[in-house]
Amino acid sequence: MTGPSSSAAVTRLVDASRLVASGDAVAAWAADVLATVWAGAGLDALYVGTSRGGADEAVAFWSAALATGPALAAPGAFPYTLANAAAGRICVALDVRGPSVTLVGPAARAHALEAARDDVADGVCRRALVVGLDPDGSGAWRLDAEVVSAAPA
Amino acid sequence: MSGVGGAVGGAVVTGYGAVTALGDAGATWDGVLVGRCAARSWQDLADEGFTATTACRVTHVPVGDPVRRGRDLAGRAVLDALASAGLAPDFAQDLDPSRVGVFVGTTMGESAGFELAGASGVPVDPDELSGWGIATHVARLVGATGTTRAYGTACAAGSYAIGAAAAAVRAGRLDVAVAGGVEPFSRIAMTGFSRMRAMTPDVCRPFTAGRRGMQIGEGAGFVVVEPEHRVALRASRAPVRSRAVVGPLGLASDAHHPTSPRPDGSGMAAAMSAALGRGGVLPTAVGWVSAHGTGTAQSDAAEALALRSVFPSGVPVSSVKGAIGHTMGAASAIETVLAVRALEEGLAPPNVNGTEPDPGLGIDVVVRPYAADLRWVLNCAYAFGGLDSALLLGRVA
Chain W
1 MTGPSSSAAV TRLVDASRLV ASGDAVAAWA ADVLATVWAG AGLDALYVGT
51 SRGGADEAVA FWSAALATGP ALAAPGAFPY TLANAAAGRI CVALDVRGPS
101 VTLVGPAARA HALEAARDDV ADGVCRRALV VGLDPDGSGA WRLDAEVVSA
151 APA
Chain P
1 MSGVGGAVGG AVVTGYGAVT ALGDAGATWD GVLVGRCAAR SWQDLADEGF
51 TATTACRVTH VPVGDPVRRG RDLAGRAVLD ALASAGLAPD FAQDLDPSRV
101 GVFVGTTMGE SAGFELAGAS GVPVDPDELS GWGIATHVAR LVGATGTTRA
151 YGTACAAGSY AIGAAAAAVR AGRLDVAVAG GVEPFSRIAM TGFSRMRAMT
201 PDVCRPFTAG RRGMQIGEGA GFVVVEPEHR VALRASRAPV RSRAVVGPLG
251 LASDAHHPTS PRPDGSGMAA AMSAALGRGG VLPTAVGWVS AHGTGTAQSD
301 AAEALALRSV FPSGVPVSSV KGAIGHTMGA ASAIETVLAV RALEEGLAPP
351 NVNGTEPDPG LGIDVVVRPY AADLRWVLNC AYAFGGLDSA LLLGRVA
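If you read the protein sequences in the order shown, they are chains W and P.
FYI, in the working numbering the residues of the first sequence are 1 to 153.
FYI, in the working numbering the residues of the second sequence are 1 to 397.
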């Protein structure tokens, strides 16, 4: 019996300055990129690994709340203070109805891949999209994605 | 996957610990049984200009460094869990530490750190402030060097962590796992939920006609998960027993909206059905559902539809959020601790602040503790981003 197999990886970069700092810009960009490759691909699970997801939005949200006072803080950015905000957006774009798992930490992309492979092997899902989403250190956001399948991809 | 209660591959809870606004795991259980509500108004929040000033904050664990509050809460719950499992604090050093894993779920991690950065402009190290920082702290605390994972899965994160830990133990990837969720009090969450008009102006009343919203809490819940065969070996040398079987974690995604659940509850129902189906457990074998039950009109209504769909013959349901608030990333882990206690005691706890259920929901809300032959319990949790989870827990045969 063979284990789960992975598709070829897809990598995309976007200049962070092109992402309007509106909270959901990174999530929207990631969802759009992934939809151009995997829309309608029958994905039944999503595993996202991120170190920075939600962090900058959390800081910006609180900074703005202090400026206005908590009672007048703008609520729109609040959901994007969460690390799994991008996963939610990607699930909508790709109509993923199974597990949506977001792991955080410096090696979260690798952890997400491992979690996907374990869950495919355990029969939890059959065709999982694994996404790494973080700044690359040079002023760009980097997205890496691949599909882990029970059968050869 | 093997059967959840089978002799081979079964994962069981051997110890648990919790920190909530009602106290430790024992005090929380006792408080919930008598319908105690920990919510109170906080002067510091009023002074800072918050509209909502009522919350369920932990007072019996002193606030040291606010930026390490999550570590303090998690550490307290972990040490309690290890003690109840008959394990020393650094027990992993007596085993192969690479076979001991740590799984932690949280919504924001050390929220005070992000708040400090927002106030000061000092750059943040997200790996230090997120669940990863707390997970590595717990790993050092217990001496574990095996799999360490941090789940950023919002208000369902505790169940994600415990479910993944049990799967790793069942599959033989780990010998012992310490797993749970933690959430220190978050001014960011307090502000965000308040400004989204999701918070109650008084107390949280899940599943009642008069429910007006959620209430923020803080806390931590952790369990020790081991394979059944290891417990039998350990029992000859230490006071340890299997307290509950950890079954599959059912997961689903709404793929619908950043914050709102599918109104028909279909994603929630899919998660419940996934847990039951993979566990080979019929809905009629479930004796109690530990509901998400946030007390918001929309989420409670969707959850009720999901429950009616999966349990057409009815099932007793209650939520503890009226007692300890919504502890977000810790919530489902604390609720797992209480579910294990319910299985041990054969007692389903009541819906605190919810003694007059909304008849329009059409579900069987537990309004007072009742003794029941609990064989299986389903612990449900949902979250922003369309996350749906249901963790199956069973009585030890």
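It is possible that some hints are incorrect.
[Claimed, not checked] Partial selection, computed: residues in chain P whose CB lies under 8 Å from chain W: (1) 40; (2) 42; (3) 43; (4) 153; (5) 167; (6) 253; (7) 256; (8) 264.
[Said to hold, decoys possible] Not close to chain P: a few residues of chain W, all C-beta gaps over 12 Å, as computed: (9) 7; (10) 63; (11) 85; (12) 144.
Everything labelled a hint here was simulated from the structure, so no lab data went into it.
For every residue, glycine included, the Cβ atom is placed at its ideal position computed from N, Cα and C.
Going through the hints against the structure:
With a least beta-carbon distance of about 18 Å to chain W, the hint placing residue 40 of chain P at the interface is violated under the 8 Å criterion. At its closest, the beta carbon of residue 42 of chain P sits 13 Å from a beta carbon of chain W; the interface hint therefore is violated under the 8 Å criterion. Interface restraint check for residue 43 of chain P: the shortest CB-CB distance to chain W comes to about 15 Å, outside 8 Å, so the restraint is violated. A distance limit of 8 Å between C-beta atoms decides the matter here; for residue 153 of chain P the minimum to chain W is near 5 Å, and the interface restraint holds.
Hint on residue 167 of chain P holds. Least Cβ distance to chain W is approximately 6 Å, under the 8 Å limit. Against a cut-off of 8 Å between C-beta atoms, the interface hint on residue 253 of chain P holds, since the closest Cβ of chain W lies about 4 Å away. With a least beta-carbon distance of about 7 Å to chain W, the hint placing residue 256 of chain P at the interface is held under the 8 Å criterion. Hint status for residue 264 of chain P: violated, given a least beta-carbon distance of 13 Å to chain W, over 8 Å.
With a least beta-carbon separation of about 20 Å from chain P, residue 7 of chain W lies farther than 12 Å from that chain, consistent with its non-interface assignment. Non-interface status of residue 63 of chain W relative to chain P is broken: a Cβ of that chain comes within 12 Å, the nearest being about 4 Å off. Annotated as non-interface, residue 85 of chain W brings its C-beta within 12 Å of a C-beta of chain P; the closest such distance is 6 Å. Every beta carbon of chain P lies more than 12 Å from that of residue 144 of chain W, the smallest distance being close to 18 Å; the non-interface claim holds.
In this structure, the hints that do not hold are numbers 1, 2, 3, 8, 10, 11, in rising order.
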